[in-house]
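Asker: The whole structure should be built from the sequences, with the hints applied where relevant.
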Amino acid sequence: MNTPSAGRGTLIEARDVTKSFGQTPALRGAAAAVAQGEIVAVMGPSGSGKSTLLHCLAGIFLPDSGEVWFDGRRLDTRTEAERTRLRRTAFGFVFQFGNLVPELTAADNVALPLLLKREGRKAAYQQAAQWLDRLGLGDKGARRTGELSGGEAQRVAVARALALGPRLLFADEPTGSLDSLTGEKVMKLLTSLAREQRITMVLVTHDVRVAAYADREVMVRDGVVTADAGTVRT
Amino acid sequence: MTLTLLGLLEREPSYGYDLKRDYDTHFARGKPLSFGQVYTTLARLARDGKAVAGPPEHGDGPERKRYWITEAGAAEVDAWLSRPAEPEPHLQPVLFAKVTLALMLGRPADSYLDAQRVAHLKRMRELTQLKDAGSLTDTLLADYGLFHLEADLRWIDLTAARLGELKEEAVRGR
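Residue numbers (my numbering), protein chains in the order written: chain A, 630 to 863; chain B, 207 to 380.
Some hints here could point you the wrong way.
[Said to hold, decoys possible] Label pairs and their computed distance ranges (CB to CB):
1) B:Val300 x A:Gly765: 30 to 38 angstroms
2) B:Ala367 x A:Arg717: 33 to 41 angstroms
3) A:Arg824 x B:Asp344: 18 to 26 angstroms
4) A:Arg657 x B:Glu332: 32 to 40 angstroms
[Stated by the list, open to error] 25 angstroms max Cα-Cα, derived BS3-like pairs, lysine-lysine:
5) B:Lys271 x B:Lys304
6) B:Lys373 x B:Lys271
7) B:Lys237 x A:Lys814
8) B:Lys237 x B:Lys328
9) A:Lys817 x B:Lys328
Hints were generated in silico from the structure; no laboratory data involved.
Beta carbons: idealized from backbone N, C-alpha and C, even for Gly.
Answerer: Pasting the structure below:
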C-alpha cells in the first residue's frame with residue numbers, strides 16, 4: 630500500500646512521518662511514496678493532514694519524527710539553505726491562489742524564479758514568454774497579474790512552476806479558487822504538460838474530479854495515509 | 207430507447223436499417239441495438255398509432271418498409287422532451303443495501319466502502335481520460351457520469367465517517 634507504480638523508481642517518499650502544531654497532531658505516522666514521472670493525488674477531508682504531508686515532502690515543514698527521502702537522499706536532515714536551494718531548482722509549486730506578485734506583470738512573475746536561479750535576464754524573459762505562450766497567455770505577458778482573471782492568473786502560476794524545469798511539482802488545491810470549467814482547463818494543461826515534460830507531481834485536493842486527472846490517489850485520514858487507489862493510467 | 211427511436215423518426219421517415227444505424231451512431235455508446243429490438247419497437251409503435259409503415263418496397267436487397275411518425279407519436283416525443291427525467295440515484299439502493307447488510311452481519315463495512323471508493327475513482331479516471339481524448343459529445347456524457355460518481359463518493363465518504371454511529375445502532379437493533 631502507498632507504494633509507487635511497479636517498474637518505476639521512487640522519487641519522493643515519506644516514511645512514518647509525524648508532525649504536530651502545538652498540541653494538535655497533523656500527521657501521525659504518514660507514509661507515502663511517489664514514483665518518477667507519476668502524478669499522485671493526495672486526498673482527504675479538511676484537516677486530515679494532506680497539506681501538511683505536502684509541506685513535509687517539499688521540505689517546507691520538518692517532521693517531528695520519521696524521514697523524508699528525495700531522489701535517494703534524506704531531505705529532512707539537510708540544512709535550511711540546502712532545502713531552499715532544492716525548492717528553487719528541483720521543485721515547482723502551484724497553490725490555490727497562485728501566490729503571484731500582483732504588482733508585477735505575468736512575464737515578470739514567470740521570469741522571477743528563473744532570475745533567482747541566476748539565469749540571465751534575456752534568457753529568463755525568453756523562457757517566460759515561451760511558457761506563457763504554451764499556456765495560451767502569449768498576449769498577456771505585459772499585463773499585471775492583479776488585472777488577470779482567476780483562470781489566467783492560475784495559468785501564470787503553472788507557467789512559473791514549469792518554467793523552472795522542476796523534477797517534482799507540488800500542487801495544493803490548484804483549482805480551489807476557480808469555477809468548474811476553468812478548473813478543468815487548468816487541470817488539463819497542468820497534467821498534460823507534466824506528463825509531456827515527465828515531471829512527477831504531488832497533487833493535494835479534496836475534489837474527486839480534480840483527483841481523477843492523477844494516475845493514482847492516496848487517502849489521508851486523521852494524519853495517516855489509509856488507502857491507495859492503485860495505478861490505472863497506462 | 208423507444209422514445210429515442212420515435213424521436214429519430216420525427217427527424218425523418220426511415221427504414222429500420224437506417225434507424226438502427228442512426229441510433230447506434232448517436233446514442234448506443236458501445237451498446238448497439240439488435241435489428242430484432244428495432245423491428246419489434248417499430249411494430250409496437252405502429253400498433254399503438256405512433257408510427258405508420260409504408261408499403262413494402264422492392265430494391266436490390268430484401269423487401270423493406272419505410273416508417274413515418276404520426277401526430278400522436280410527435281405529441282408523445284414533445285411531451286417526453288418537455289418533462290424532466292425522474293431524479294433517481296442509480297446506485298443508491300445497491301450501496302445502501304451492502305453497507306446495511308454488512309453492518310447487520312458484523313462484516314467490515316469500511317472495507318466495502320473503501321473498495322467501492324477505489325472502483326468509483328477508477329471509473330472517474332477513465333471518464334476523465336475519455337474527456338481528454340474525445341469529442342464535445344463525449345465530454346458532455348463523461349461529465350454526466352463524473353458528477354453522478356462524485357455524488358456517490360460524497361455519500362460513501364459521509365457514510366464512512368458515520369460508520370461508528372451506524373455500528374452502534376446496528377448492535378442496538380439486534
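Asker: May I ask you to test the hint 30 to 38 angstroms on the CB atoms belonging to B:Val300 and A:Gly765?
Answerer: Check failed, 43 angstroms falls outside 30 to 38 angstroms.
Asker: Is B:Lys373 close enough to B:Lys271, meaning Cα to Cα at most 25 angstroms?
Answerer: violated, 62 angstroms
Asker: Next pair to validate is B:Lys237 with B:Lys328; report whether the Cα-Cα distance is within 25 angstroms.
Answerer: holds, 21 angstroms
Asker: Is 33 to 41 angstroms a correct range for the gap between the Cβ atoms of B:Ala367 and A:Arg717?
Answerer: With Cβ atoms ~40 angstroms apart, the hint holds.
Asker: Would you mind confirming whether the straight-line C-alpha gap from A:Lys817 to B:Lys328 stays at or under 25 angstroms?
Answerer: holds, 18 angstroms
Asker: Do the Cβ positions of A:Arg824 and B:Asp344 conform to the proposed distance bound of 18 to 26 angstroms?
Answerer: For B:Asp344 against A:Arg824, whose Cβ atoms are near 20 angstroms apart, the range 18 to 26 angstroms holds.
Asker: Does the hinted range 32 to 40 angstroms hold for A:Arg657 and B:Glu332 at CB?
Answerer: Given a distance of about 33 angstroms, which is inside 32 to 40 angstroms, the answer is holds.
Asker: Quickly compare the C-alpha distance for B:Lys237 and A:Lys814 to 25 angstroms and report which way the hint goes.
Answerer: violated, 30 angstroms
Asker: Is it true that the CA of B:Lys271 sits at most 25 angstroms from the CA of B:Lys304?
Answerer: Since the Cα atoms of B:Lys271 and B:Lys304 sit roughly 49 angstroms apart, the hinted pair is violated (cutoff 25 angstroms).
The structure fails to meet hints 1, 5, 6, 7 from the earlier list, while all remaining hints are met.
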